[in-house]
Amino acid sequence: MANTNKVILKSAWVLGLFSLIGIGLVSLTHHVTADKIADNERLFVLKNLRALVPDDMHDNDLLSDVIEFSDPNSFGNKHPVKIYKAFKNQQLVAIIASPTAADGYNGSIKLLVAIRQNGELIGVRVVSHQETPGLGDAIDSNKGDWIHSFAGRSLNNPKLSEWNVKRDGGYFDQFTGATITPRAVVKAVRKTLQYYQANKGNLVTSNKESNG
Amino acid sequence: MDSYKHILKNGLWINNQAFVALLGLCPLLAVSNTLINGLGLGLATTLTLILSNSIISLVRHYVGSEVRLPVFVLIIASIVTIIQLIMNAYFYELYLILGIFIPLIVTNCAIIGRAEAYASKNPVGASCIDGLAMGLGFTSALVVLGAAREIIGSGTLFANAHLMFGEAANNLTMVIIDDYEGFLLAILPPGAFIGLGLLIALKNIIDARQAKPSQQTVSMDFASKKA
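From first to last, the protein sequence lines stand for chains A and B. Our numbering applies: residue 1 is where the first sequence begins, and numbers increase by one. Our numbering applies: residue 1 is where the second sequence begins, and numbers increase by one.
The set of hints was computed from the structure by calculation and includes no laboratory data. One thing to keep in mind: the hints can contain errors.
What the hints assert, rightly or not - Over 10 Å on every C-beta distance to chain B, these chain A residues come out as not near it, computed from the model:
1) N40
2) S70
3) S74
4) K82
5) N118
6) G119
7) G152
8) K159
9) L160
10) F175
11) K200
12) T205
As the list claims (entries may be wrong) - Calculated cross-link-like contacts (lysine-lysine; reagent style BS3-like; alpha-carbon spacing at most 27 Å):
13) K47(A) to K6(A)
14) K143(A) to K110(A)
15) K82(A) to K10(A)
16) K121(B) to K10(A)
17) K200(A) to K47(A)
18) K121(B) to K6(A)
Computed from a predicted structure; not experimentally measured. Glycine included, each C-beta is placed from N, C-alpha and C at the ideal position.
Excised from the complex, chain A in its bound form (with noise of 0.2 Å):
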């Protein structure tokens, strides 16, 4: 009995001692690699923004000009959006909204919708989506021209009867074999384009001034 309890005892110190071991290795290597960590999703995100909005475009850090809300009545999901504003000379040139079309035919499609401050798209991206390989992914702009049609565009051009794909009786193309996916990018990018419409007003001040 006595042989048990020491066994016993032995394997949990065993145990526990390793337990240590490998909590101690992971946070060290947590503690050294978190500021590359951090450092490379800030890069990752600025490249998407960059790609919209050209250095050039603008004078102000896009990363610290950001608002992030959830609003489901303006874009009919829970999912937070974020919007970048860009400033030259203190003025709104354009916005990059990130709002997430919920209903793609696999999950949820994350998108970038760059807006000038005229209410013209310049451009929109898509960041993460999971739409079936060879049909729905021509969305993504390494797979296809697909995303582009939205460059220049605006609420009236196509009018707002025709922001749909074309099988809804609307102007942009859908995929053969693929309605759902451009279906669901064309929505949000009209409800993104929608509530900028409806909200310019409250977004034309940089972050810094509205605290200051």
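Given the coordinates of chain A, work out where chain B should sit on it, guided by the hints.
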């Protein structure tokens, strides 16, 4: 003790974890849609195997058989978490693609399998080589399957090589078939199953060819026994 040459041959061919033991199928099938993805996960798995086998072999005398499995899992999980953090820090874009599969290395039975079957019974040097051999065997399976699926599925090879080797590797991408429409089945999971099945069949054919002379003696043995 086995010779290192035998350990290497065992890991790469005779007891290949993917083709023979059929272990680690989840990451194998999920990530082998391009050569580079396969190579990335394969190397991460190899590194895990080398480290886990070496560490487990080092501590094998101090860990009682009652708690050996929890301790092995603890060691493997720590190693994988550390590799995940390092990849996240230094190979960020590759991490974005493989990210969700890296934690799955923990569940790759090949790793706990080698820990239990080999590292817990053998000295450090041999265990380390065994980890390397098993890892390279698994990597080669991922790379061959990845290359086959990439060529058949999208008509390219080495796509996204820059994720691993930096921007300089961008021109490494080869278009094998011009104006290829793509073959969806090869990229989707069923393509992985079919491809793996064909590769296993191919390996069995090669093994059968090589074994022919000895097989004849076996059948002669049977014949003589019957007689």
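Verification of the supplied hints:
no.	hint	verdict
1	N40	violated, 4 Å
2	S70	holds, 24 Å
3	S74	holds, 29 Å
4	K82	holds, 18 Å
5	N118	holds, 34 Å
6	G119	holds, 32 Å
7	G152	holds, 29 Å
8	K159	holds, 36 Å
9	L160	holds, 36 Å
10	F175	holds, 13 Å
11	K200	holds, 34 Å
12	T205	holds, 34 Å
13	K47(A) to K6(A)	violated, 59 Å
14	K143(A) to K110(A)	holds, 16 Å
15	K82(A) to K10(A)	violated, 53 Å
16	K121(B) to K10(A)	holds, 21 Å
17	K200(A) to K47(A)	holds, 25 Å
18	K121(B) to K6(A)	holds, 24 Å
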